[in-house]
Amino acid sequence: MIPPPTPSDRAAARRRRFRSIGGTILSLVLTLFGLLLVTFIIGRVMPIDPVLKVVGDRATQAQYDAAYVAMGLDQPLYIQFYRYITDVLTGDFGRSISTGQLVVDDIRRVFPATVELATLGTLIGVLVGVPLGVIAAARRGGIVDQIARVVALIGYSMPIFWLGLMGLLIFYGILGWVGGPGRQGIIYDGMVPNVTGMILADSLLAGDWDAFRDAFSHIILPASLLGYFSLAYISRMTRSFMLEQLSAEYVTTARVKGMSERRVIWGHAFRNIAIPLVTVIALSFGSLLEGSVLTEIIFSWPGLGQYITKALLAGDMNAVLGGTVVIGVCFVLLNLFSDLLYRVLDPRSK
Amino acid sequence: MRHLLTTRAILLASVLAIAPAAYAETPADTLVVAHAIDDIISLDPAQAFEFAGNDVNQNVYDRLVDFDPMDLDKGFQPSLAESWEVSADGMSITLKMRDGVTFHSGNPVRAEDAAWSLQRAVKLNQTPAFILTQFGFTPENVDEKITFDDTSVTLHMDKPYAPTFVLNCLTANVASVIDKETAMANAEGEDYGHAWLNTNEAGSGPYTLSAWRPNEALQLAAYEDYFAGAPAMKRVVVRNVPESSAQRLLLEQGDIDVARNLSPTDVEGVASAEGVKVQDEPRGRIMYLGLNQKDELLSNPAMIEAMKYLVDYEGIAGTLLKGTFVPHQSFLPKGYLGALEDMPYSYDTAKAKQILTDAGITSGEITTNVRDLREYVDVAQALQASLAEVGITMNIQQSTGAQTLDAYRAREIPVFIGEWGPDYSDPNTNAATFAYNPDNSDEAKATGLLAWRNAYAVPDNMNKETVDATLEQDAQKRADMYIELQKQYQAEAPIIPMFQRIEATGMQDNIENWNSGRSVASVMYRQVTKGE
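Chains as they are written, first to last, in my numbering: chain A, 88 to 437; chain B, 128 to 659.
In short, the hints are calculated from the structure, not lab data. Predicted model only: the values in this text are computed from it and were never measured. Keep in mind that a hint or two might mislead.
[Unchecked claim] Listed next, the in silico EDC-like pairs over lysine to aspartate or glutamate satisfying Cα-Cα at most 16 Å (straight line):
| id | chain 1 | residue 1 | chain 2 | residue 2 |
| --- | --- | --- | --- | --- |
| 1 | B | LYS657 | B | ASP636 |
| 2 | B | LYS572 | A | ASP152 |
| 3 | B | LYS404 | B | ASP636 |
| 4 | B | LYS572 | A | ASP144 |
| 5 | B | LYS272 | B | GLU239 |
| 6 | B | LYS361 | B | GLU351 |
Given only the sequences and the hints, what does the whole structure look like? Please build it.
Rendered as structure tokens:
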């Protein structure tokens with residue numbers, strides 16, 4: 088017999104909830120701070136001279152020295168970091184030296200392009216990868232399992248650069264089914280008002296179907312490519328999660344009780360792998376956000392991965408740090424999101 | 128079965144939905160260019176000094192004098208200035224402004240704008256400012272040294288410089304004429320509109336800048352009131368396509384008109400494709416070998432001479448660089464006033480070995496750094512092989528562009544393989560860096576001079592000749608002076624010019640009059656037309 092909750096119980100529960108929210112925020116702040124500190128130090132000890140990037144190879148020593156001081160590089164490292172952090176707290180991420188623009192504006196431009204691509208990629212990965220993994224596990228050693236294994240093997244071992252180029256050659260160059268590199272065809276460039284920065288979403292908002300179709304024809308190939316790589320990962324993980332569940336006793340019990348195989352697999356086993364699967368999907372989405380540099384280069388996709396890589400090679404630390412913060416926040420949020428989903432999906436956490 | 132049918136229907140529908148969009152041809156009045164434009168840092172003429180930035184400024188701004196896009200060999204021509212006069216003592220040049228020209232804002236182009244633009248570039252003192260300050264202008268004196276009245280601008284210089292030198296420098300982008308009213312209306316503090324002009328323009332050129340999204344695309348729109356007539360292409364879209372194979376695919380599919388960064392392999396591929404052609408243009412970049420004179424072995428005159436026979440000029444240009452460079456053995460690129468086209472050296476290891484043996488050198492070891500670019504590494508390995516034939520071991524370490532440049536500027540690279548691109552269209556731009564180094568000490572920190580970077584103590588007569596050539600009033604005599612200078616350089620300098628850059632541009636068959644700017648300028652769009 089459980090007594091009904093008293094007001095003091097409810098207050099305690101509320102306190103717990105606040106404490107957990109407070110803890111989450113604190114860990115978020117600490118994570119980001121640590122991330123910034125490490126990135127900052129790596130950036131400063133890197134043997135690349137950011138001043139040279141600004142003033143160019145032809146600058147005189149006087150021009151070089153002036154820029155060196157103007158960039159605050161004459162100060163000790165901890166003062167530079169302190170200045171950077173105080174600026175960041177006021178929302179000022181500084182100016183990128185490789186584009187000449189405010190880092191905030193740069194990120195506002197490149198991040199939606201990446202999110203659009205990564206979201207579609209993950210969607211494809213999940214929609215194909217999860218069923219593939221489940222079926223592969225259910226019919227272990229069967230034809231689907233073999234196919235899944237080969238698909239995953241190719242996904243793990245093929246260089247993305249090569250696959251991307253072959254994809255372009257076949258589907259764009261020879262068959263002409265999809266649009267070429269770039270986010271849009273030339274005639275649609277700048278036709279749709281920029282609201283979210285994601286062209287698919289913006290063209291839908293504007294109700295411009297031609298622009299949507301054009302944008303879709305450009306995104307589908309790179310997104311499929313990214314989707315393929317996340318599919319390889321997701322299907323392998325799904326398969327092994329499922330195998331573990333299918334050998335559990337409750338599955339045997341369900342089967343003995345005469346439950347249909349479909350219900351055993353989807354109704355029982357699959358529901359139990361939903362929780363770890365969410366984490367796998369969230370991580371895979373996170374890695375697509377930062378790790379699709381090569382895809383972005385091949386498909387002339389002006390996204391965050393390319394932006395950060397280019398900035399890093401130029402010693403453009405404002406841009407690198409700004410991009411790192413965005414990726415860091417994304418990972419923390421994705422973790423938070425999968426935590427929340429856990430609570431929804433796992434009855435015990437209620 | 129029903130499942131399969133729906134899947135098929137969805138597949139088919141999506142293929143049909145996508146297919147028509149893929150065959151978009153470029154519109155007849157729009158020029159679509161694929162180019163790596165990710166090097167743009169600033170669009171302000173006072174600061175912009177990268178290729179892609181100069182490409183924009185060349186078209187959105189005019190200068191007092193400019194090149195004729197249909198014939199660059201004619202040299203500088205009247206532009207915003209319709210004529211000029213040099214004072215009897217050679218100390219000043221007065222340029223008379225063309226009447227009735229307007230900026231994109233509608234403001235008239237006045238002598239005041241021209242003078243202000245030059246003064247501004249000197250006062251802001253960004254990297255390209257040296258092109259103007261070499262005539263004796265300083266932020267402090269420039270208001271008195273560059274003057275104007277209602278119809279003309281006058282430059283008062285500190286020496287009687289060669290008029291060709293001054294006027295060639297006025298074709299540089301840093302000398303672009305900016306709309307003073309517009310720039311000052313957007314000024315912040317004392318920046319003369321610098322922050323605003325970094326991302327905007329205020330010119331009078333044949334195109335206006337209608338959009339720029341860094342690392343993605345930029346768009347130019349024709350300026351219908353352009354003084355020399357509205358350009359044929361009403362819109363120019365330049366897309367950032369970093370990958371050569373992607374550029375080639377776009378070109379072959381007809382989605383772009385011009386591809387500017389095709390790799391040699393893709394050039395070959397495009398050349399055989401239907402409806403597409405390739406245009407070769409010599410550019411200003413010189414690939415050279417720099418032998419650091421701090422190194423004992425490399426400073427031996429026999430070693431310097433032998434090196435010139437150890438470069439397989441034809442072989443490297445043909446096999447390794449695949450036509451992106453042609454052999455060229457003097458420091459002035461073809462297309463420049465006084466450029467020497469002699470090529471006295473050829474690949475001859477036996478001769479090199481003889482020279483070294485005569486000087487008592489039979490073995491040696493060098494360790495050098497090379498930038499991790501395919502072509503530089505290839506050249507380095509070719510050199511390594513030919514050095515091995517004469518008993519010298521060269522170890523190659525690879526590092527990034529930025530790292531190599533840092534070390535080079537610190538005089539720490541024994542054998543440097545790299546390129547030098549001229550800063551402006553006058554021969555002094557290369558003479559003053561290859562053949563001029565008045566103080567070879569470490570303390571001089573003349574990091575901008577190639578001779579200093581290689582610790583090359585340029586002989587006094589060469590230093591003097593370089594300076595004298597900037598003062599020669601007669602253009603022909605001046606050209607002769609540069610020829611003499613290059614001959615001596617070719618014979619004795621430890622910096623060995625090897626190749627000149629050839630740029631191959633792939634384009635649709637119907638594109639006429641494309642001009643990347645050859646060795647003296649940046650790309651020009653206003654003369655480009657599109658046939659049927």
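Each hint tested on the structure:
no. : hint                : verdict
1   : B:LYS657 x B:ASP636 : 9 Å, holds
2   : B:LYS572 x A:ASP152 : 12 Å, holds
3   : B:LYS404 x B:ASP636 : 6 Å, holds
4   : B:LYS572 x A:ASP144 : 13 Å, holds
5   : B:LYS272 x B:GLU239 : 14 Å, holds
6   : B:LYS361 x B:GLU351 : 9 Å, holds
When held up to the earlier numbered hints, the structure conflicts with none and fits them all.
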